[in-house]
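Undergrad: Residue-level listing of the chains:
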Amino acid sequence: MSTSHALAAAAGDLRAPSVAYRSLLPMLLLFAAAGLGVLAEAFAPRATRRIVQVVIALLALLGSLAAVIWLAGSADVVTASGAVAVDGPALFIEGTLAALGAASVLLLADRSSERGGHFVADAAVTVGSPTDRRQIGATHSQTEVFPLTVFALAGMMLFASANNLLLMFVALEVLSLPLYLLCGLARRRRLLSQEAAVKYFLLGAFASAFFLYGVALLYGYAGTVQLRGIFDAAAGSSADDLLLFLGLALLVIGLLFKAGIAPFHSWTPDVYQGAPTPVTALMAACTKVAAFGAILRVLYVAFANTRWDWRPLIWAVAIASMVLGAVLAVTQTDVKRLLAYSTVANAGFIMVGAVALTKTGISSTLFYLVAYGFTTIGAFAVVTLVRDPDGEATHLSQWAGLARRSPVVAATFTFFMLAFAGIPLTSGFTSKFAVFAAAIDGGATPLVIVGVVTSAVLAFPYLRIVVLMYLSEPAESGPSVIVPGGFTSAAVTLGVVATLVLGIAPQPILHLAASAASFVG
Amino acid sequence: MTLPYLPALTVLPLIGVAVVLVLPKGRPPQLAKVVALAFSLFELAIAIAMCAKFVAGGARFQLIEDYAWIPQFGVRFGFGADGIALVLIAMVAVLMPVVILASWHDAGTGQRPVKTFFALLLSLQACTVGVFAATDLFLFYVFFEAMLVPMYFLIGSYGGPRRQYAAVKFFLYSLAGGLLMLAALIALYVVAKDQGSNSFAFADLVKLHISPATQSWLFLGFFIAFAIKAPLVPFHTWLPDAGSEAPIGVAVLLVGVLDKVGTYGFLRWCLPLFPAASQRFAPLVLILSVVGIIYGALLAMGQNDLKRLVSYTSVAHFGFIALGIFAFTSQGGSGAVLYMVNHGLSTGALFLCVGFLISRRGSRLTGDFGGMAQAVPLVAGVFLLAGLSALAMPGTNTFVSEFLVLLGTFAVNQPVAVIAAIGMILAALYVLLMYQRTMHGPLNPSLPKMRDLSAREAWVIAPVLALVVALGVYPKPVLDVITPAVKATMQDVGTADPGPTAINAPDTEGGSK
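Line by line, the protein sequences give chains Y and D. Everything in the first sequence is counted per my numbering, starting at 2 for the first residue and increasing by one. Everything in the second sequence is counted per my numbering, starting at 269 for the first residue and increasing by one.
If you are wondering where the hints come from, they were derived from the structure by calculation, not from laboratory data. Hints may contain errors.
Lysine-lysine pairs mimicking BS3-like chemistry, simulated, CA-CA at most 27 angstroms apart [said to hold, decoys possible]:
#, chain 1, residue 1, chain 2, residue 2
1, D, K321, D, K717
2, D, K321, D, K744
3, D, K461, Y, K337
4, D, K755, D, K475
5, D, K321, Y, K360
6, D, K744, D, K755
This structure is a prediction, so every number in the text was calculated from the model and none was measured.
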């Protein structure tokens, strides 16, 4: 009945929905800048193209951050026929994404480690061909990475604000497609990079399909794709819940995949390892933020009243994620893979906060995302600095005795490792405290105990790197640590400062997260 | 306006760290040492002034300073000291210049920078003072965990041949305990919030009403963390490794100061916050303590590595301390607190003397020594005095505390007290055997030519030994400070001292509890 009604309405008076452009400004800025970037790619001369792209991307992200700050505190808005919600969590996540995105763009723009930057000069050249061997030393690179990144970030913002499952799916694709491409554009080890891209694309496509199927089932159950509509349908309907739960399960699989939560994490180590490290940083920080934004919104808005049914399952994935991530991190011998498993475990920790289903659950999750994002970008930025003639030296054995040659880099990385391990006076401790407190408050004490135990396990791999850097003798033909250029230095500094400040004086951001912690709808 | 003593004592070493680190590179390493020593002496002066300010028998917590930190979690920079904390802070302040002077040549030998060593020592001091001075549980936890980092690097970068293994083992054991405590701490916070108190302050936490079942779980979370730190027997295996691989000065701090944080934690947090659970688990702790006393002593006897030997004696001594705490009598408690201070001094002295021997012989094994008393009579003399203090000879400081602990324990649990007393005999054995093997007998022909106690070494050991004797002869000033604080703690637990009738009538109720 409702469908025929909608059709009739559509046939009768078709008019564009009203859009509150003001509230959408943060993401609109990014979409515009990405479009502008594509034009610049076509028209700007090659010599100036890179700098133009960097400026456009950074300005857009800073502008977006400014817009978020400008909008902060204004009343919640649901706009575009209820498809987009601009509320506290949405704005908080948009701000986080803009800040983390800017840090990532700084990393992407670095050219101090390679003359041409981290990205391949001509992606279309066959790997291993004579032209390919020549282009390693080329001074230019694919500058499309900047508009692609901005598109991805805009998609992420939309993803976390989508109040309607169909729009959420569109946003999912907008954020994913550029990332698939970015993964394959590494300058060195191109086969590994392309393999990562294909793997990510195939698995990502599967996840998208799951998501879409879930949306279809939920539409079948509720007759709407609006999150609020699903909530109402679940509250009022006496219909069979099978469709609802099947739909929810498939939907959540798609979301968990993007967030890299076990058992849907298996792509992370390969993709994180193969992708150019700045892109890895972007994925580990920003994609995670966006995915958790969407997970929070779906669970808190659409499925709040069926929580007793799905909570055990979410508990299970959180535990699986923490345990698998921690245990597998112990066995890794590659820095990027190790960090990848650590992100899996950390996704589990974030989930612990998210399942609390209270206001503090939201605020602690938001805080964790900010804190973790900056530390992660900082850590990956350091990884880009340790190099041998073949590119980045990511094997752990190559990091032996690093502190002897570059004490500052080693100290910085140690600081990030201590933050990951949750040592006090770093943001890692504050954020763990926040999510665990929220979880115990929300009745999830067993999850916290698992979280504490896995934290102890996870400390071992982090510590192993520290031991290698400080306590081992340097390898004979060890890698050299390059002097970071301005862009990378800025990204690392941002990471260190954020990690320290959020550890020592977290109150302002905690307060911000607490005041942003209620969903509209 | 008076000086905010406790925050000042916490921050001053950090300023020292900053100063040491910014010293220009080209300067001789001597400068870093002098600066570090100057800061530690300055700290000692402030600590002495603070002790003069403290009124024995006055308010329970004095020198209170309180600043806002993270209102969201109700966390404050809450500083304050009762008698227990005061004497421990004083002990840290005394030991630090000694350790810096004792480490004068240790850090310069390897390729590791000298500056970093002294910066790490000072940052360790900041953390240990902070941990004793914090009256906010969250702040306590922050220092408790932060402490691991400098200690980890001190052992791992400057220690013996198996330093990596020892450092990682130390870190992981402590971190595992610390994280359990974190879980308990968060749960406690949630309990507090449910009762309308968004605060980690000691004064607010003791007012909470926690159900016995919850208390048991929370107690265990805290207890295991502290028992690893202390260490009590099943959790002790990291100590011999860390103690034997750490450079001598660091070993003094590790065993003398860091481990006290565990026993201090029992007194400050476990007992007052979870009185019912403390009483419930006390028999278990008493058994662990006695096992530790005997087991530590036996293992100490079997060691041929001097540093490992001293580490194991500490396991035995920590058994005594835990015994005194969990006997829940004011004599036992006062004895235990006095023991914490005395153990810091006497084990510190023992480690320092062992360090003198090792630096002369270049070996840690008892078999490589022998007849040293003929070659270096002064070193032998101070070694004997330190050893006598470790075996609780009357006239030395540890005798007083060990006696008080046994007295306090005997009043409530005679079998345990009797078995623990056997530990005193074993202590005499392991100390005298060690002394005999290294100092007496014919001079080991393989010994190099050695000089006797140098002036620097004399300055290192003399203040410690002076305190050892002074506290053995006249412990009253310290006990006057400790006893009211211990009594207040025992009141929190809700136990009253059994009357002296318990000794006349051993079959009364008091014997079983």
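Undergrad: Does the structure break any of the earlier hints, and which numbers would those be?
TA: Checked against the structure, the hints that fail are numbers 1, 3, 5, while the rest are satisfied.
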